[in-house]
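The lines below spell out each chain.
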Amino acid sequence: MSEMVIRVSHGTTEKMEEKTYKVPVGPGMVVLDAIHYIQSHFAPDLAVRWNCKAAKCGSCSAEVNGKPKLMCKSRMDAYDQNEELVVHPIKTFPRIKDLVTDVSWNYRVNKTITPFTPPKGNFGKMYQADMDRVQEFRKCIECFLCQSVCHVLRNHEKHEEFAGPRFFVRIASLEMHPLDEASRIKFLKEEGGLGYCNITKCCSEVCPEDIHITDNAIIPLKERVVDEYYDPVQKIFRIFSGK
Amino acid sequence: MANTVRALEERGLGATQRRDAWWLQPVAVAAGLGAFVIYSTWAALQGNNYEWGPYLSPFYSPLLGKDWWPFSPAFLILWAPAGFRATCYYYRKAYYRAFFADPPACAVGEIAEHRYCGETKFPFILQNMHRFFFYVALLLLVFLWHDAYKSFFFENGIGIGLGSLVLTANASLLSFYTLGCHSLRHFVGGKLDTFQVGGNCTMRHSCWKGVTRLNEHHMLWAWCSLVMVGFADFYVRMLASGIFTDLRLL
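Heads up: the sequence lines are chains P and S, in that order. Residue numbering for the first sequence follows my numbering, starting at 132 and increasing by one per position. Residue numbering for the second sequence follows my numbering, starting at 128 and increasing by one per position.
Mixed in with the good hints there might be a few duds.
[Stated by the list, open to error] Quick look at which bits of chain S chain P covers, simulated, 3 or more residues with Cβ under 8 Å:
no.	stretch
1	212-220
2	224-238
3	245-256
4	308-320
[What the hints assert, rightly or not] Among the chain S residues that face chain P by a calculated CB cut under 8 Å, a handful are:
no.	residue
5	T143
6	Q144
7	R145
8	Q152
9	H332
10	R340
11	N342
Everything labelled a hint here was simulated from the structure, so no lab data went into it. Ideal Cβ positions, reconstructed from N, Cα and C, are used throughout, including at glycine.
Using the sequences and the hints, build the whole thing.
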């Protein structure tokens, strides 16, 4: 069995350090297995958040060799066995300890979004053609890798003014829902800070569920904001049509 | 066994723990876009050698202001496709990364402490005008298809020259690029919450699906059409200046 050197980030936001471990690599092993090996053999106090180990709970998000990934979905044999593997917690959020970060900011943002608002009474019939778009967004496992890689949060720290790609996906799923009657366009432009997104597509690149966040959620929402605020032709049309 | 290595907090332009060649893509994009901008500006400034036989360079199509406009006729046209590409959702990603390093690549540091406004302030708030450039680009497509059609009619009758194929390929690729536009996708159906209008969804849903199919490869069409439009001008220019001889296939 071959061995691989892994550098793992330890500590808290105030005091960080990397520690190096040698871990045996077996067939089918993923980075989370290696972290568990380190926990059981060298560092029983190493903090790591995980749950399903099947890329469905979104708990084991980390940065492996600088790329935001789910550790349970990152196979060890995908990396060069002769080089050190570096595992850090996701950036953007404050670290609690070792590989565990405090992502509670996301839940606070989530609460500010107007929830699903269906009409009262009979819902009528729903069609698959309408639901296909929305169902893609329902695949989100809230791993927050998109939030971690988004440079508006990661590099520019616009947490107060920008909701982030995860919540644009959620808003898209509500705005495009055939039964939803609420409008979140004003929220998107103002509190949600959609205009800060310069569509560099990093969120789509890291999404483990392969949600086309930019093309299917963010850009359609940007177009809806344009309809409402930046398109004089539509404004005139709305005045005359009364819509 | 474990041993402490170092404390870490990386910030600033290019700071990253990524091991792959993340810089390759922005460098390649900067080179590709930069080369096209330099060539197209040079070609537009020339104001000559833009037509040969039945061929007209796409940089000068439709040919306007030949008699009254004191500058190169290309400048009456090129603002529209330039604006369309500059505000295009794909190209925005490409040049924000390649020229503004904002960010240069995913999970890579940027120039520290610069004030970031995204697309909320001037000039980038003007990106919201993309749909208006799209309308003009759609109109220009009609002229480009007309040019492609005309390119099969030579002085001695109907025929096929290499230039005919180049101009047809150019119009085709520009059509794939333009008709895959995100704004069009929104316009034909994306803006609707339900495709069931009056109990019938077939028409708009089909249009939306068609545009979506092109839109999924928007980057590919963007690059192919960019290269082709540049090559089409180059080919006509070489013919007009007598450096190339058109290959008649039929």
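Now for the hints, and whether the structure bears them out:
Beta-carbon proximity to chain P at under 8 Å applies to 3 residues in the stretch 212-220 of chain S; the threshold of 3 is reached and the given coverage holds. With 7 residues having a Cβ less than 8 Å from any Cβ of chain P, the stretch 224-238 of chain S passes the three-residue criterion, so the hint holds. Given as covered by chain P, the stretch 245-256 of chain S passes the check, having 7 residues with a CB less than 8 Å from a CB of that chain where 3 are the minimum. Residues of the stretch 308-320 of chain S with a Cβ under 8 Å from some Cβ of chain P number 7, which satisfies the need for three, so the listed coverage holds.
Taken as an interface hint, T143/S checks out: its beta carbon lies about 5 Å from the nearest beta carbon of chain P, inside 8 Å. Look at Q144/S: its Cβ gets to within about 3 Å of chain P, closer than 8 Å, so that hint holds up. Given the 8 Å rule on beta carbons, the hint for R145/S holds: about 4 Å separates it from the nearest Cβ of chain P. Using the Cβ-Cβ criterion of 8 Å, the hint placing Q152/S at the interface with chain P is not satisfied: the shortest such distance is roughly 11 Å.
Against a cut-off of 8 Å between C-beta atoms, the interface hint on H332/S holds, since the closest Cβ of chain P lies about 5 Å away. The beta carbon of R340/S comes no nearer than 12 Å to any beta carbon in chain P, farther than 8 Å, and the hint placing it at the interface is violated. Because the smallest distance between the Cβ of N342/S and any Cβ of chain P comes to about 7 Å, under 8 Å, the interface hint for this residue holds.
Of the numbered hints stated above, those contradicted by the structure are hints 8, 10, listed in ascending order.
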